[in-house]
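With these hints in hand, go ahead and build the complete structure from the sequences.
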Amino acid sequence: MFDIETSKGWPMPVLDDLNRPLFEGMAEGKVMVQRCDDCETWLAPSAFICEACGSDKVPWVEVSGKGELYTFVVYHRAYDPLFESMVPYNVALIELEEGPRLLANVVGIENKDLKIGMALKPVFQKVADELQILRYEPA
Amino acid sequence: MANREALSAIVGFGMSDLSREYTHTSWQLAVIAIHRAIKDAGLNKDQIDGLLINKSPVASLSSLPMDLQDYAGLKDLHLNNVVEAEGSSGVQMVQQATLAVQSGMAKAVVCVFSDAPIQPGISTQKAFGMPLPLMGKTGIEAPAALYGPVAAYGLAARRYMHKYDLNEDHLGAVAVSQREWALKNPLAMMKKPLTMEDHHNSPYVVEPFHLFDCSFPVNGAVAVVVTAADVAKDMPQPPVYVHGMGQGHCGVTNRRGFEPEVQVGAKLAGAKAFEMAGVKPEDIDVTEFYDAFSYCTLLQLELYGFVPEGGAGEFVLDGGIAPGGKLPTNTGGGQLSGYYLQGGTPLSEGVMQARGNCGDRQVKNDLVLTAAYGGRMQFHACMITSPHYSL
Numbered sequence: 001m002f003d004i005e006t007s008k009g010w011p012m013p014v015l016d017d018l019n020r021p022l023f024e025g026m027a028e029g030k031v032m033v034q035r036c037d038d039c040e041t042w043l044a045p046s047a048f049i050c051e052a053c054g055s056d057k058v059p060w061v062e063v064s065g066k067g068e069l070y071t072f073v074v075y076h077r078a079y080d081p082l083f084e085s086m087v088p089y090n091v092a093l094i095e096l097e098e099g100p101r102l103l104a105n106v107v108g109i110e111n112k113d114l115k116i117g118m119a120l121k122p123v124f125q126k127v128a129d130e131l132q133i134l135r136y137e138p139a
Numbered sequence: 001m002a003n004r005e006a007l008s009a010i011v012g013f014g015m016s017d018l019s020r021e022y023t024h025t026s027w028q029l030a031v032i033a034i035h036r037a038i039k040d041a042g043l044n045k046d047q048i049d050g051l052l053i054n055k056s057p058v059a060s061l062s063s064l065p066m067d068l069q070d071y072a073g074l075k076d077l078h079l080n081n082v083v084e085a086e087g088s089s090g091v092q093m094v095q096q097a098t099l100a101v102q103s104g105m106a107k108a109v110v111c112v113f114s115d116a117p118i119q120p121g122i123s124t125q126k127a128f129g130m131p132l133p134l135m136g137k138t139g140i141e142a143p144a145a146l147y148g149p150v151a152a153y154g155l156a157a158r159r160y161m162h163k164y165d166l167n168e169d170h171l172g173a174v175a176v177s178q179r180e181w182a183l184k185n186p187l188a189m190m191k192k193p194l195t196m197e198d199h200h201n202s203p204y205v206v207e208p209f210h211l212f213d214c215s216f217p218v219n220g221a222v223a224v225v226v227t228a229a230d231v232a233k234d235m236p237q238p239p240v241y242v243h244g245m246g247q248g249h250c251g252v253t254n255r256r257g258f259e260p261e262v263q264v265g266a267k268l269a270g271a272k273a274f275e276m277a278g279v280k281p282e283d284i285d286v287t288e289f290y291d292a293f294s295y296c297t298l299l300q301l302e303l304y305g306f307v308p309e310g311g312a313g314e315f316v317l318d319g320g321i322a323p324g325g326k327l328p329t330n331t332g333g334g335q336l337s338g339y340y341l342q343g344g345t346p347l348s349e350g351v352m353q354a355r356g357n358c359g360d361r362q363v364k365n366d367l368v369l370t371a372a373y374g375g376r377m378q379f380h381a382c383m384i385t386s387p388h389y390s391l
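Residue numbers (our numbering), protein chains in the order written: chain A, 1 to 139; chain B, 1 to 391.
Derived from the structure by calculation, the hints contain no laboratory data.
Cβ coordinates follow ideal geometry from the N, Cα and C atoms, glycine included.
Some hints could be false.
[To be verified] Partial chain A-side listing against chain B, Cβ under 10 Å, derived:
hint, residue
1, Ser55
2, Pro59
3, Ser64
4, Val74
5, Tyr75
6, Ala78
7, Leu82
8, Met86
9, Asn111
[Claimed, not checked] Selected chain A positions facing chain B (in silico; Cβ < 10 Å):
hint, residue
10, Glu51
11, Cys53
12, Gly54
13, Val58
14, His76
Listed below in structure tokens is the structure:
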């Protein structure tokens, strides 16, 4: 099971070699995903090897982050008191132009107006003093 | 149809009492169910030579450890293992027990699922509400505030509903149908009728799921005893013969060209089991699914081949799975209205139906499909059982 640390009122990712480039990218305002050097398959984070061809050459690459809404949910209750002030809030999967899907909240839009297939662009928001995360807004 | 003899038989069945209150630890519930199953089989504990254990994937290993053998007073076992395939383990245990009795490695294997998620001061929401590693290894879930299985399944359900143009009536029809079954089941936790209006008026938990789209966790345990098929006819209970078994694990690929919300391993698992039993989906009389959320029943009806892909919503809305319907499904009320004991739910109702012990809710039972899955529908296992030794 995935471990979290709570700091400054937000669950902090526990960084490791597999996910560090993703979160360091977010801190710098970059969307990072992986692509296989051998078969050029774009991979959703985080890959240790390429699940298409088995290659271990799967470097992180910066992408525009543009994509479309693949699916979403709207929380009507908080599973942790940290999120009570956000309810109702959404969590979505966004399919990047390159193909991989990322998990993020969509902001700048009413939940009732979310539509699968709508164009989205990345936006970076600070949720704690030392944590800036990737979110999305209508393009 | 070729004459096919059974692979194994379920000859003993026992459950602990089910409760929304904490009464016993998980291992204590397991011991109660194990001994009820052994007694039901007409055996004594020293005739048991195999033990397979299934705990909840979110429970600690110490809640239901290998020491269960000693807690249950079982000696000189030839097989003892924790089957760790998440929710599919309820059926996987019977599959592994079948392989063991077929090979001669063991003669009488008791398989037990037990869980006690409700503890003093711990609600079911808290017990199951941690961030799930939906995306694999990233840890992106918690910072995005994705907690609990309701949302993980909700993401999948929304995609499925979008693909086939379904709405909340189709989800609600599953809940309403299963409640009709639950009202006929003395073991079911839900005792009041449910209308489509009640479903729609119940609060959203995580949209698109209303409260009544979600399963109802309890504390409890389910145990069965598996032996070789050819000894079962001399046992005291009506044998439940296992004729087909299958597993399906497609893998989850989160990129364009793949829809892990819709393409799950149930189709692979079903194809293998139907081939082994020499039957087709249309031959099945009654189906018991792992149905943690309403959408799961719809998707499994399609992937096990009972309706065309995309057709389950209309089938269920037309009463297809309800009492009197074309394919009685989750006939004890399932996990939504009966009791959520992970793989133990379909396993228990499947055994009762195949035995013909279901009273008011008994249906034609020549062929029963029992299916369970784990993860967010990543890991599937199913079996085809029958009261008949030969098919």
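Evaluated hints:
{"no.": "1", "hint": "Ser55", "result": "violated, 16 Å"}
{"no.": "2", "hint": "Pro59", "result": "violated, 16 Å"}
{"no.": "3", "hint": "Ser64", "result": "violated, 15 Å"}
{"no.": "4", "hint": "Val74", "result": "holds, 4 Å"}
{"no.": "5", "hint": "Tyr75", "result": "holds, 5 Å"}
{"no.": "6", "hint": "Ala78", "result": "holds, 8 Å"}
{"no.": "7", "hint": "Leu82", "result": "holds, 8 Å"}
{"no.": "8", "hint": "Met86", "result": "holds, 7 Å"}
{"no.": "9", "hint": "Asn111", "result": "holds, 8 Å"}
{"no.": "10", "hint": "Glu51", "result": "holds, 7 Å"}
{"no.": "11", "hint": "Cys53", "result": "violated, 13 Å"}
{"no.": "12", "hint": "Gly54", "result": "violated, 13 Å"}
{"no.": "13", "hint": "Val58", "result": "violated, 12 Å"}
{"no.": "14", "hint": "His76", "result": "holds, 4 Å"}
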